[in-house]
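Colleague: Protein chains in written order, with our numbering: chain A, 1 to 359; chain B, 1 to 606.
Hints may contain errors.
[Stated by the list, open to error] Straight-line alpha carbon distances no greater than 16 Å define the calculated EDC-like cross-link-like pairs of lysine to aspartate or glutamate that follow:
#  : chain 1 : residue 1 : chain 2 : residue 2
1  : A       : 88        : B       : 588
2  : A       : 88        : B       : 591
3  : B       : 594       : A       : 27
4  : B       : 600       : A       : 25
5  : A       : 17        : B       : 588
6  : B       : 592       : A       : 13
7  : B       : 592       : A       : 204
8  : B       : 592       : A       : 25
9  : A       : 16        : B       : 591
10 : B       : 599       : A       : 27
11 : A       : 16        : B       : 588
12 : A       : 17        : B       : 539
13 : A       : 16        : B       : 595
14 : B       : 599       : A       : 25
15 : B       : 594       : A       : 25
Simulated from the structure, these hints should not be mistaken for lab results. Quick caveat: nothing in here was measured; it's all calculated off a predicted structure.
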Amino acid sequence: MKYKENKNRILSDLLKKYGARIYNDLDNGIFPKFLIPSRSTRNIIYDKKLRQYVLGNNASMRNSKNILQLRSFTQLVWLAFFANRLIKEQKSSTLRDIYYSSQAFSIDFEDQPESDNIIVDLESVLSRPREDLHIFPEERSSVFGDLVIEYTVPGYEGKRTNLSDHPDGYLIGPSLSSAELIETSADLVIAIEKGGLFTRFIEEKVDKKFKSIIIDTAGQAPRSTRYLLRRLHDELKLPVVILTDGDVYGEHIAMVIKSGSANAAHLRELTVPDAKWLGVWASDIEKYKLPTIPMTESDIKRIHDLKKDPRYQHGIWKTELDVFLKIKRKAELEAFSKYGLTNITDKYLPQKLELAKSL
Amino acid sequence: MTFNESFNQISPSEFFYRNRDLAGFSNPTRSIYTSVRELVENSLDACDQNRILPNIYVTIQPTQQQKSDPKHYILTVDDNGPGIDHNHIPLAFGTVLYGSKFGLNQARGMFGLGATMAILYGQITTNKPVRVNSSIDGSNRHEYEILLDIQKNKPIIIKHSITSTKKKGLSISICLEGDYSKAGSKIRDYIYQTSLITPYASIKFHDPKGNKYNYERITKFIPSSPTIIKPHPYGIDVETLRRMISDTSYKISNVDNLMIARIKNELKMRGDVHNNYVVMKQTIKKRWPYLSSQTKTILSILLCLKLNFNQLVKIKIESIDIARNTLTYWNYEKSKSFVTQLNISSFYYKHLANEFKGDTLETFLTKQFQRVGRHTAEKFTEFAHFRPGKRIMLMTNQELVHLSDSLQKFSEFLSPDPSCLAPLGENLLEKGIAKFFNPDFVSVVQRKASAYSGFPFIVEMGVAYGGSIVNGIKLYRFANRIPLLYDESSDVVFKVINDIDWNRYKIKNESPLVIISHICSTRIPYKTVGKENVADRNEIERELKLALQFLSRKLSSYMSKKGKAAMEKKRVNLYFTYMPLIARFCTELSEKLKEPNYKKIFNELK
Numbered sequence: 001m002k003y004k005e006n007k008n009r010i011l012s013d014l015l016k017k018y019g020a021r022i023y024n025d026l027d028n029g030i031f032p033k034f035l036i037p038s039r040s041t042r043n044i045i046y047d048k049k050l051r052q053y054v055l056g057n058n059a060s061m062r063n064s065k066n067i068l069q070l071r072s073f074t075q076l077v078w079l080a081f082f083a084n085r086l087i088k089e090q091k092s093s094t095l096r097d098i099y100y101s102s103q104a105f106s107i108d109f110e111d112q113p114e115s116d117n118i119i120v121d122l123e124s125v126l127s128r129p130r131e132d133l134h135i136f137p138e139e140r141s142s143v144f145g146d147l148v149i150e151y152t153v154p155g156y157e158g159k160r161t162n163l164s165d166h167p168d169g170y171l172i173g174p175s176l177s178s179a180e181l182i183e184t185s186a187d188l189v190i191a192i193e194k195g196g197l198f199t200r201f202i203e204e205k206v207d208k209k210f211k212s213i214i215i216d217t218a219g220q221a222p223r224s225t226r227y228l229l230r231r232l233h234d235e236l237k238l239p240v241v242i243l244t245d246g247d248v249y250g251e252h253i254a255m256v257i258k259s260g261s262a263n264a265a266h267l268r269e270l271t272v273p274d275a276k277w278l279g280v281w282a283s284d285i286e287k288y289k290l291p292t293i294p295m296t297e298s299d300i301k302r303i304h305d306l307k308k309d310p311r312y313q314h315g316i317w318k319t320e321l322d323v324f325l326k327i328k329r330k331a332e333l334e335a336f337s338k339y340g341l342t343n344i345t346d347k348y349l350p351q352k353l354e355l356a357k358s359l
Numbered sequence: 001m002t003f004n005e006s007f008n009q010i011s012p013s014e015f016f017y018r019n020r021d022l023a024g025f026s027n028p029t030r031s032i033y034t035s036v037r038e039l040v041e042n043s044l045d046a047c048d049q050n051r052i053l054p055n056i057y058v059t060i061q062p063t064q065q066q067k068s069d070p071k072h073y074i075l076t077v078d079d080n081g082p083g084i085d086h087n088h089i090p091l092a093f094g095t096v097l098y099g100s101k102f103g104l105n106q107a108r109g110m111f112g113l114g115a116t117m118a119i120l121y122g123q124i125t126t127n128k129p130v131r132v133n134s135s136i137d138g139s140n141r142h143e144y145e146i147l148l149d150i151q152k153n154k155p156i157i158i159k160h161s162i163t164s165t166k167k168k169g170l171s172i173s174i175c176l177e178g179d180y181s182k183a184g185s186k187i188r189d190y191i192y193q194t195s196l197i198t199p200y201a202s203i204k205f206h207d208p209k210g211n212k213y214n215y216e217r218i219t220k221f222i223p224s225s226p227t228i229i230k231p232h233p234y235g236i237d238v239e240t241l242r243r244m245i246s247d248t249s250y251k252i253s254n255v256d257n258l259m260i261a262r263i264k265n266e267l268k269m270r271g272d273v274h275n276n277y278v279v280m281k282q283t284i285k286k287r288w289p290y291l292s293s294q295t296k297t298i299l300s301i302l303l304c305l306k307l308n309f310n311q312l313v314k315i316k317i318e319s320i321d322i323a324r325n326t327l328t329y330w331n332y333e334k335s336k337s338f339v340t341q342l343n344i345s346s347f348y349y350k351h352l353a354n355e356f357k358g359d360t361l362e363t364f365l366t367k368q369f370q371r372v373g374r375h376t377a378e379k380f381t382e383f384a385h386f387r388p389g390k391r392i393m394l395m396t397n398q399e400l401v402h403l404s405d406s407l408q409k410f411s412e413f414l415s416p417d418p419s420c421l422a423p424l425g426e427n428l429l430e431k432g433i434a435k436f437f438n439p440d441f442v443s444v445v446q447r448k449a450s451a452y453s454g455f456p457f458i459v460e461m462g463v464a465y466g467g468s469i470v471n472g473i474k475l476y477r478f479a480n481r482i483p484l485l486y487d488e489s490s491d492v493v494f495k496v497i498n499d500i501d502w503n504r505y506k507i508k509n510e511s512p513l514v515i516i517s518h519i520c521s522t523r524i525p526y527k528t529v530g531k532e533n534v535a536d537r538n539e540i541e542r543e544l545k546l547a548l549q550f551l552s553r554k555l556s557s558y559m560s561k562k563g564k565a566a567m568e569k570k571r572v573n574l575y576f577t578y579m580p581l582i583a584r585f586c587t588e589l590s591e592k593l594k595e596p597n598y599k600k601i602f603n604e605l606k
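Hey, can you work out the whole structure from these sequences and the hints?
Modeller: See the structure below:
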């Protein structure tokens, strides 16, 4: 059984199970209710084994008998109903679509944040990301490299594409996310924070020189991108390395790809625990004599915040954070251009990849 | 009461004529309103005092319909009160004098001057006489037309006739200059609000435009009438104190032949022996222990002045000054005052002096003030450093000032006696409000009597909510059963309402709310002579606030009950809205063909 079909079937069964429970309650004259794992900060804990944030055991009851919860209960049931249709009809929608679609069913969301919140509720109940429910954010991140995929979306079923065919790369959208990963010659996945560098890497044929698939995370990696990274690692057994700006935010972008975010603590399979952060490290700034910018107050505050995070208590995560705090300066990926446009691909990348083997 | 000639340089009529602005007769608009008010209040007071259910009929008719305002109107107020004895009518309506309402009890008007002022105003603007019809027996009706001689303060009777009638009561018609087009709304408000605070009265008003306003009696129950009481120590100043002392002083009765006959009888004298001074002196000495105290006093004067009875009837004792040992008397024959030095060693002078020292301070306090007993009086004299036996007539000016000050400062006097007050009562107030506003909710409260500066007062308040009441908070102010219509924003009640945090009671600015406040006191502390706004005395403000808070809590609990009922209804509606949706969605989710039988869930909701 193919990956996507399998996943859809499991999800459909799950939705059917929940639907049946509500149906039976109603039929027996009982007000239906279910538990929703609590997403309050108190219930978000770091699971060392899974190497990601997870939700604790606290859960809140959503009861249709409670007049204050009746509306959101109905919204939640509607969303399950609507996602079920999306899956069955193999259609996708955006967060904004959901907000508008609700109105056709006399379900009123006051605004999109309210509908977004109900989507996260459903994710929590099902422990499945919204992308599985065919609901996608409007985010732009791209992929390029020698990877053959086979579409599963209606009208393209069975059609194959090589992701190195188009020099701008391919948008990581619903159809790519749901495609089967067929084959690749790559040995490595390089995730890079910035679109400009992503284009440079394609021009400099990094995909061929380093036998790699290049992914532009466009800042903090969207879920669909993290999901693809996870699949590339799990299904194709490719190691994942990450290149970011040399600042505290860059370090955290790498960390989120590696071990998830607190916001998505209710979800699994969005992390690549083995992913490695190549740079730019704080220590690289000194080592490669990069031009720097002084840190702002908020940069420094962010460092202090992250120092409390259990994931930053050891290894390079801790040491680099300490160096940032010491030098109080930061450097962007483009800083390497001071030494020529290809300096980053010719010198820095190979050195860091070599170093990464020992990480 | 008579007037001391030396203080009567101008007649009271003239005084009021010159100062009519003070009494609310400043312009045609205000004057016609004040006239209505004064006459209606007189009628209501008369009925109240005689415990008659009032029927008041007010008409205002223009003398010339076409003329534009201000113009002449005939204002008539007709009542079913006790009427006035026809002998008193010329004096009562044809002179300006201190009226009968001078005791310390609650009445609408204070001195009974207002009606005369209205008559005076009518006369000076139209030069027409006032028409008074009165019947005290329900069969004879006396009709008078009277003008006022302003300078002499005397009535001029234009016409007097007697007709037969079947109705007791008084009817007064004044022709006066007024501006009804401007005053109309206030007059209508006044009649309306007066009916609200006097639910036992039937009041009809026919206005110049032919509109009829009839306010029927809502209840036949007349609230208990106030009693006239003695003053409270806190409400006394030096001048009042002086007057009280002189009122209690020993009165020398007029010596007439009847009195002399009685004295002779007590002395057991026959014939004209009494004309012999020596014989009489001996007789008096012999009979002294058996004489009455009044006889003793008169005989003491007789002996001190060395007079016989014939001479005694020709003089009038004016005063006796104990401090200076002098006696002043008026000789009728010589039409002149005489001052005589008295022999202080005389036994009879000593008796006289003793009589004229007046009561002891202790007795004076207990007899002349309300709620002062022997025990309190003793405590007070100790507090003020007076001997309890101190004679009040012997007090110097300085001592009187000290006494007056101490009366204010002594904290152990009991609070004033409220029996002189006539609040409407919770029951009547509630009936009036319910009838007038037809609200969804009404609550009234009568606070316990309290006092400010020695004047007792009672606060009554009512709130009405919803029903026929239009949106917005509306305030009706009353003082001694008089509606207060002007200057609302400077009134203490307004301040109290504004200070309250309505949000706490779930009341919004646009809530359909009516607040009725009624302050009863022997003296309402008005801010101005116009008697339209009550000053913010702390004690009154406090009572008003407590009353309002009490009612607001009641209202708030009503509102939350109402809110709960509305919420409950909304709640049930929500289930009816959402349950079918849930049923539909889960049917498709669970791939069932038929919707679940969810309707029985509604049975659980009750």
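Colleague: Hint by hint, say whether it matches the structure.
Modeller: Hint check results:
1. 88(A) with 588(B): holds (12 Å)
2. 88(A) with 591(B): Distance of about 12 Å is within 16 Å: holds.
3. 594(B) with 27(A): holds (11 Å)
4. 600(B) with 25(A): Satisfied, since the Cα-Cα distance of roughly 11 Å is no more than 16 Å.
5. 17(A) with 588(B): holds (12 Å)
6. 592(B) with 13(A): holds (14 Å)
7. 592(B) with 204(A): violated (58 Å)
8. 592(B) with 25(A): holds (14 Å)
9. 16(A) with 591(B): holds (7 Å)
10. 599(B) with 27(A): holds (9 Å)
11. 16(A) with 588(B): holds (9 Å)
12. 17(A) with 539(B): This hinted pair is violated, its Cα atoms lying about 72 Å apart.
13. 16(A) with 595(B): Holds, because 15 Å separates the two Cα atoms, which is no more than 16 Å.
14. 599(B) with 25(A): holds (12 Å)
15. 594(B) with 25(A): Holds: residue 594(B) and residue 25(A) sit about 15 Å apart, inside 16 Å.
Of the hints listed earlier, those the structure fails to meet are numbers 7, 12, in rising order.
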